[in-house]
Amino acid sequence: MRHPHLKQRFPSLGEPPGSLLPEGNPPPALSRISLIEYDAAQCRETVFDSLQQGLEYQPQLPMLWLNVYGLTDPALLQAIGQRFRLHPLVLEDILNSRQRPKLDDYGDYLFIATRVYRYQGDNQYLRPDQVYLVIGSNFVLSFQSQPLGVFGMLRERLVQGRGQLRQLGADYLAYSMLDAIIDDYFGVIDDFNARVEQLDKLVLASRDRFVLARIQRLKQDAMRLRRSLVPLREVLNVLTRGEHAQFQHGTMLYLRDAFDHTLHLIESLESAREVISGLLELYMSAQSNRLNVQMRVLTVITIIFMPLTLIAGIYGMNFDNMPELHWHYGYYAIIGLMLLIAVVLGLLFWRRRWL
Amino acid sequence: MRHPHLKQRFPSLGEPPGSLLPEGNPPPALSRISLIEYDAAQCRETVFDSLQQGLEYQPQLPMLWLNVYGLTDPALLQAIGQRFRLHPLVLEDILNSRQRPKLDDYGDYLFIATRVYRYQGDNQYLRPDQVYLVIGSNFVLSFQSQPLGVFGMLRERLVQGRGQLRQLGADYLAYSMLDAIIDDYFGVIDDFNARVEQLDKLVLASRDRFVLARIQRLKQDAMRLRRSLVPLREVLNVLTRGEHAQFQHGTMLYLRDAFDHTLHLIESLESAREVISGLLELYMSAQSNRLNVQMRVLTVITIIFMPLTLIAGIYGMNFDNMPELHWHYGYYAIIGLMLLIAVVLGLLFWRRRWL
Amino acid sequence: MRHPHLKQRFPSLGEPPGSLLPEGNPPPALSRISLIEYDAAQCRETVFDSLQQGLEYQPQLPMLWLNVYGLTDPALLQAIGQRFRLHPLVLEDILNSRQRPKLDDYGDYLFIATRVYRYQGDNQYLRPDQVYLVIGSNFVLSFQSQPLGVFGMLRERLVQGRGQLRQLGADYLAYSMLDAIIDDYFGVIDDFNARVEQLDKLVLASRDRFVLARIQRLKQDAMRLRRSLVPLREVLNVLTRGEHAQFQHGTMLYLRDAFDHTLHLIESLESAREVISGLLELYMSAQSNRLNVQMRVLTVITIIFMPLTLIAGIYGMNFDNMPELHWHYGYYAIIGLMLLIAVVLGLLFWRRRWL
Amino acid sequence: MRHPHLKQRFPSLGEPPGSLLPEGNPPPALSRISLIEYDAAQCRETVFDSLQQGLEYQPQLPMLWLNVYGLTDPALLQAIGQRFRLHPLVLEDILNSRQRPKLDDYGDYLFIATRVYRYQGDNQYLRPDQVYLVIGSNFVLSFQSQPLGVFGMLRERLVQGRGQLRQLGADYLAYSMLDAIIDDYFGVIDDFNARVEQLDKLVLASRDRFVLARIQRLKQDAMRLRRSLVPLREVLNVLTRGEHAQFQHGTMLYLRDAFDHTLHLIESLESAREVISGLLELYMSAQSNRLNVQMRVLTVITIIFMPLTLIAGIYGMNFDNMPELHWHYGYYAIIGLMLLIAVVLGLLFWRRRWL
Amino acid sequence: MRHPHLKQRFPSLGEPPGSLLPEGNPPPALSRISLIEYDAAQCRETVFDSLQQGLEYQPQLPMLWLNVYGLTDPALLQAIGQRFRLHPLVLEDILNSRQRPKLDDYGDYLFIATRVYRYQGDNQYLRPDQVYLVIGSNFVLSFQSQPLGVFGMLRERLVQGRGQLRQLGADYLAYSMLDAIIDDYFGVIDDFNARVEQLDKLVLASRDRFVLARIQRLKQDAMRLRRSLVPLREVLNVLTRGEHAQFQHGTMLYLRDAFDHTLHLIESLESAREVISGLLELYMSAQSNRLNVQMRVLTVITIIFMPLTLIAGIYGMNFDNMPELHWHYGYYAIIGLMLLIAVVLGLLFWRRRWL
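So the protein sequences, as listed, match chains A, B, C, D and E. Residue 1 is where the first sequence starts when you use full-length UniProt numbering, and the numbers rise one by one after that. Residue 1 is where the second sequence starts when you use full-length UniProt numbering, and the numbers rise one by one after that. Residue 1 is where the third sequence starts when you use full-length UniProt numbering, and the numbers rise one by one after that. Residue 1 is where the fourth sequence starts when you use full-length UniProt numbering, and the numbers rise one by one after that. Residue 1 is where the fifth sequence starts when you use full-length UniProt numbering, and the numbers rise one by one after that.
Note that these hints are calculated values from the structure, not bench results. Some hints could be false.
Note that the list lumps identical chains together, so a pair holds whenever it fits in one copy or between two copies.
Here are the simulated lysine-lysine pairs, DSS-like style, with alpha carbons at most 30 Å apart [unchecked claim]:
#, residue 1, residue 2
1, K201, K102
2, K219, K201
3, K102, K219
Using the sequences provided together with the hints, build the complete structure.
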């Protein structure tokens, strides 16, 4: 059993805070930057191939969503930071691949760090991915390491003009992104629950020691998911208090709804944790039960055979004067006696349910 | 052991919030809508067979209770929503069959989500059912998936004019509905306690492994009930603070009483959880006790028979010069010695209480 | 093991709140109502035999203490309620024999529900009894199911004019009643502690399985006492905040003292719970220790006898050419060898402390 | 194992609060009252032999420290109470030998109850002692049951004029007393930690059952110390808020320091509790380990000897036609076979580390 | 297993608070005092060899960082205290080598106590080191027992003029020091996690008892780190509230960032603690599993050999009339029967997976 989440890369000792060094997971092959401009009537998407191209571009429509993924190039980030006047700490946080979910209010814009998870293919590890949002009055920047994953459907809705996404402002777009992240958790917790149920069936049937290791891993998965969801809940809780100018009053109801969903997710995790700890108890008890059965069998067999062996031993003694030995039916009588003893003891144990 | 509550259907990924898709349990055969109008003097009940019929109907009396069950038709719900000017999020919540108990204040009306439970027939699963209330200044809407169940007696009292239900306003009706829901919990927790007591008797008597699985299930039932009751308590706690215009001052005392009842229920559940965890300890200890008894028996039997078998073995040796073998009473002496050893060891163990 | 506190009778489903149906324990043979009137100078006690008699009576002195016990007659309670203008919910609470300790402020008077406990005779159950107080500006009503028990000494002090009870107002009488209830808890927790100590002595000595059941029961008793004391502490905490007009400033110090006593009681219970969970661990360990001892004995005996039996078996073989068999002292040599092996193994185990 | 702290004497049932009955531990032979008067320049100590003598005495210097120990005489206390105008509840609390640490503000003076502990001689019990302080604007009264113990060094510093004790007012003296009490805890927790370390060494070495009982006792000691320190921390926390006129602003920094020390002590206890619960786990595991070792030995020995015994048995059979028996080297071959089997099995177990 | 953190030296009983006695770990060979003066343009470092030299020195530049290590000389500290007008309690705290992390506001300056940790060489103990900061408006004093360790890189950045350290005031220097301390924790927790992972691999493989002792030690390390980090988080939390004049508004964002890092560290520790408690469960279960395997083997071997031994015993009996003995192939038939029984039983156990 390995604990991948214990291996965390931290800021190197003594570096000045705010210095931009890429950290964390190996970078994907290529960074990709796409800009979606929109107003109530239209929507235009531009994908930038080079930093230069991006710096020269002048957007035409009032609302902007800049979506960046696989970003590991400090220079690129620096350029974006200058364009949108971001604080160096924001840039440092974005480069750092292990950030707790949090909300920082920098006055002109909000910085929100969140994390999503994915169960990967055959190996059973829960892979985290950081998602960062910068929410200004008329723009949203989103940063993640994998292409569009979480926001794919949202981009489609925006481009196709479905729902009221274009009518409402940047705050509704930001809410929709948080909502997409929460929906993503529903998916991964579904996966997680499926694993729990699957393990549940194994616990009583199997005897192998790896059941326990798998229970432990699921327990840790639950902890990790919880540790990402609880601060996310706090972020939403803070947002619903309505103290941030970026979010208008009308969006509050939606944020409150998203907040309720995080509560729901956290309760679902609590539920799963209890099931898992029940599995642990079942496993322990099954182990002890098996020992009980083995010992019962050993005891019964020993008790039945010991007297028989003793009798055989007695009539194997070489005393001169052992009258039974000379009776014609002595041998048959003794074999009969042995059978009788075995049957009587067997019945006895059967009645006491030891067999 | 299956964990039905782990299988939850969540909003599908990326759908715009507020879109109306029916979710959750399979629908009952038919939706049913009934409207009860009343004032202090009279009360009239109308059952609608079609949406059209309902939309055309004009109520005559000032107070309205619209009771809807089995609702899975988004169009129908949309119509009701327009008639009473409900926010899309309310409609979405009502269609979602897995909603945490909560209270949302939408200004003109309050939306309260609650959940009730039922132990079903032979299979032992605790089946949840959502109950939603929308409380306006002169109307109450109630939504549930099963016909009238929880509110049956309440409807009767209203129709027959018993109690002060008609004299007091919509807030008293709403309180009475919350009270009926709480009463329902008293019933299901009674059922739950009966199961705990029944299991209590089984723990020491039985040896089967399913006792443990049943203990685990009861533990999870307790958790689920608790997880529904605690937010319900919070809803009542918020209501008793008297900040909602829908509830008049005179109803506060009743709400406080209902709040006390939820406290009582939660404590009763805590109590049951402690009993259950005591059962777990008893079960574990009974298991270990059984092992102890078996090992004691094995040890005693082995200790008694081993020396006897050795003696028999010794006198089965074929040495030329073994004088005892030639004594006339040698055989009888040795058999006597064996009996003596067996009796002495038996007494010894009996005095040490190993037998 | 039965859990009497799981069997609770709850309000019947759907009844209008405030309807007066007697509930809970079977009634004592007779209700009894006594009225004590007093001022600083004198004190008069009247016992009423019938409802009519009570309704007609006009008290002469300014301070009133109406003490009712065994009350299960709704009509009687209704009459008292009308005379002192009590809210229907108060009357409902008094008839309900399972009320959480609480304080309700009805403006003109305070309603306090408390609970006392008694260990009964030979059977070991902790029997609860409800005590209700209604505290007005110049009267105190007390309701309980058993005759005077808790307030016996208080009544005597009042009648005999001891202490400053008559000089101070109704609030000091009410305080004295709460103090008497707390003193009662000191008594029952003394009893409880005696039981814990008694069990402590049994745990290591005895092997019977009922020790565990008794540990579990004591644990549950501790929980029940705690669950009554914690809300009682809250009642006193609220009273000491001095927001209730019924209690004058001078009485605050006494209430704070009573509050300290409840803290003390709760800590004493915590202490006992830790002792009990220590007992559980001792019991479990004693069980496992016993298994250890048995297995050690089994192992030692087996190891000593197995080689001896093998040797005897070897010299019982029927090979033609076994020179030892024909040595004159062969038999004695082998017996000597067996003794030697037994002694050496015995010493070995003795040195390793296995014997 | 006895739990001395479970035996607590409580106020007798129904007595009027404030009545002065001595309670608790048996009194020391003699009460002793000493008065220290001082100002910045001088300091005078007077010891009173009789109550009369004390009542007549008129102090000359502005600051007073009246130190009383072994006080069990209600009349004496009453006299002191009248002289310093103490509330009856203060006097009752002082006579009660089991008082939770607390701070009561009586306006003119503060009443502080604290508790100190001592490990006594050979028997290992933690003996509590109550220390009460009454802090007025120019006097401090201290009450304890043992002679000067805790305040010995403080008295010396005051008499010898060391430090700034005489320069600063009664509040600094009171602070110094609290500090002395906290220092005393540092001592007793040192003792406690020494016991924990001592037990740590025993756990793996010893097999006796009393290790567990001692672990349990230490756990309870930790609880008791904690239960005295936590309210003491609260007392200091309240004092540092600076709402009490008796303490001047300059003393606040010192009180905050004392508050930090109580935090430190409580953390040290937490630490010790974790070590103790680790000891419990080690003990349990050592027990189970020992069982494992025994069973391994039993298994190995049984597996080695069983086939050998069977072989010996086979060649002890009396069939007419058993050719091996007649081979000249048959006996030696079989003995060789037995040795071979034993060696091979032995090596097998040795390689699997069962030996 | 020793618990070095239980051995703490506390202030000696009854000493006046504020008296300067060196305490704690043995002093390093030599104290060392270095002063760094700087402004935005330049930076000068001076190392003092004697107290006299330091007292005479007059700094030229506005910002001062006085870094003291290995300080155990009360006279020296007294001199520093007078120069910077420090309160005696600050000096006492600095001499005390066991101080909880805390923040004290003395008006003109802030006093911050923190603690760092180091895993030392081969022996596995976590060695604590105290670091004290005094933060004034234009100076920072730092005290630690080991040379520059934590602040080495920071000093270099300051001297070389890297980053914005010189441009910003003393508050940014103080923040940078706190940041360096937090970075140090990232390092030690990395070490700690490496140990946890290393142990993880040992748990299932090894059987030695010291695994458990090592698990216990890691658990205690986690506690100790946590106990230092939680109050450090509180210190930063208080600082970010911005109520201290020493820290300017611009530094708040950086402090908040440092605060987030402490949250991250604490969560990482929580994570590790859960992994460790999972290890404990794995260890316990592995132990019980091994017992299970042994018992299974014992049971199987016993069951197979017992009947065979009985058969051999039967045909070793000496009855006159045992026809089988005289059959020519009797011996071979019996040997065949024995083999048959062994094979059948073996198959049976193999199918039930007991082998």
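Now for the hints, and whether the structure bears them out:
1. K201 - K102: Result: close neither inside a copy nor across copies, 38 Å intra and 34 Å inter.
2. K219 - K201: The answer is both: 17 Å in one copy and 18 Å across copies each meet 30 Å.
3. K102 - K219: both (24 Å within a copy, 29 Å between copies)
Hint 1 from the list above is the single one not met by this structure.
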